[in-house]
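Colleague: Read in the numbering used here, the sequence shown has 8 at position 8, and its numbers run on one by one without any break.
There are no misleading hints in this set.
Heads up, simulated DMTMM-like pairs for lysine to aspartate or glutamate below, C-alpha to C-alpha not over 25 Å straight-line:
1) K46 <-> E12
2) K46 <-> E32
3) K35 <-> D23
4) K46 <-> D23
5) K47 <-> E12
6) K47 <-> E8
7) K47 <-> E32
8) K35 <-> E8
9) K46 <-> E8
10) K35 <-> E50
Label pairs and their computed distance ranges (CB to CB):
11) M1 <-> E50: 31 to 39 Å
12) T16 <-> M40: 18 to 26 Å
13) L48 <-> S19: 15 to 23 Å
14) E50 <-> T27: 28 to 36 Å
15) S21 <-> S44: 14 to 22 Å
16) L49 <-> S6: 15 to 23 Å
17) F4 <-> N36: 13 to 21 Å
18) G13 <-> H33: 31 to 39 Å
19) L48 <-> P5: 18 to 26 Å
20) M1 <-> L49: 30 to 38 Å
21) D23 <-> N51: 28 to 36 Å
22) H2 <-> N51: 29 to 37 Å
23) G13 <-> N36: 26 to 34 Å
24) S34 <-> G13: 28 to 36 Å
It is worth saying that the hints were derived from the structure and are not from the lab. Cβ atoms here follow ideal geometry from the backbone N, Cα and C, with glycine treated the same way.
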Amino acid sequence: MHQFPSIELSTEGAQTYISLSQDNNPTEQAREHSKNNWVMMLASLKKLLEN
Numbered sequence: 001m002h003q004f005p006s007i008e009l010s011t012e013g014a015q016t017y018i019s020l021s022q023d024n025n026p027t028e029q030a031r032e033h034s035k036n037n038w039v040m041m042l043a044s045l046k047k048l049l050e051n
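Work out the full structure, taking the sequences as your base and the hints as a guide.
Modeller: So, in structure tokens, the structure goes:
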């Protein structure tokens, strides 16, 4: 079973926003695991881009 992330970038002035969703999680546990991974990854990306 494949999970399908969707990432959208938008801008407002000098700001860039990332919107992320992921479909086809087989269980609530898998959804929570993916959520935690995305939160970590996006926090790391934010830190990298803002420094």
